[in-house]
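S.K.: Numbering-wise, our numbering comes out as the position in the sequence shown, counting from 1, plus 12.
Bear in mind the hints are in silico, worked out from the structure with no lab data behind them.
The C-beta atom is built at its ideal place from N, Cα and C for all residues, glycine as well.
One thing to keep in mind: the hints can contain errors.
Taking CB as the label site, the calculated pair distances span [stated by the list, open to error]:
| # | residue 1 | residue 2 | range |
| --- | --- | --- | --- |
| 1 | R63 | R16 | 57 to 63 Å |
| 2 | A122 | A163 | 20 to 26 Å |
| 3 | S93 | P184 | 56 to 62 Å |
| 4 | A164 | E56 | 53 to 59 Å |
| 5 | Q138 | A71 | 30 to 36 Å |
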Amino acid sequence: MQVRFFGIIGFVLIALSCASQASAECGVVKSIATDVKRRQCWPEPFATPDRAATRAPFATMVSNGWRRQNMLGDIYFAPNSSELTDAGRMKVRWILVNAPKQHRLVYVHAADTDEITKARIATVVQLANQISPNDVPPVLPTTIADDGWPAAEVGAIGRKYMESIPKPRLAPSTGSSSGGGGSSGGSGMSTSL
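Turn these sequences into a full structure, and let the hints steer you where they fit.
M.R.: Set out below in structure tokens:
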């Protein structure tokens, strides 16, 4: 009984001495508990931010791709003018009719001067009002590289390629053919029993 009494007294003294340090140790205990819980559910708390960071560049790439797709470069305007060519009018119509709704932005490649760029934007806005008066998308200037080719040049390359293809012809015959194939063994079998 005496051992039990001293054991209880010792426990109470230890508890009282720890009470003053409880606030400091409580943070340590909570930190350990948090670490244990994180390890038990790993990798879920960390997978979502990692996935978001992995996908983020793709959104930028898609946006840049649509900006290039919907860009009207110098080849879509008449030389030394802000008037659209036939190809430019068709491209604006395609953007307004066929492009997905969230990507219906028209970009005009910046010209040599601000006046020409503003005139080109005004021309595109006027055409967009004619095509779709209730749903005119924003027409924005852009400075990304204009890597397009004129349609006449692309057509000329295609025609030259088609002209360079040799005429189809049959292979020359190499002599007489037996037509029946050859023997495949087994025809010289002996029938003696």
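S.K.: Now, for every hint given, state plainly whether the structure supports it.
M.R.: Structure-based check of all given hints:
| no. | hint | in the structure |
| --- | --- | --- |
| 1 | R63 <-> R16: 57 to 63 Å | holds (58 Å) |
| 2 | A122 <-> A163: 20 to 26 Å | holds (22 Å) |
| 3 | S93 <-> P184: 56 to 62 Å | holds (58 Å) |
| 4 | A164 <-> E56: 53 to 59 Å | holds (58 Å) |
| 5 | Q138 <-> A71: 30 to 36 Å | holds (32 Å) |
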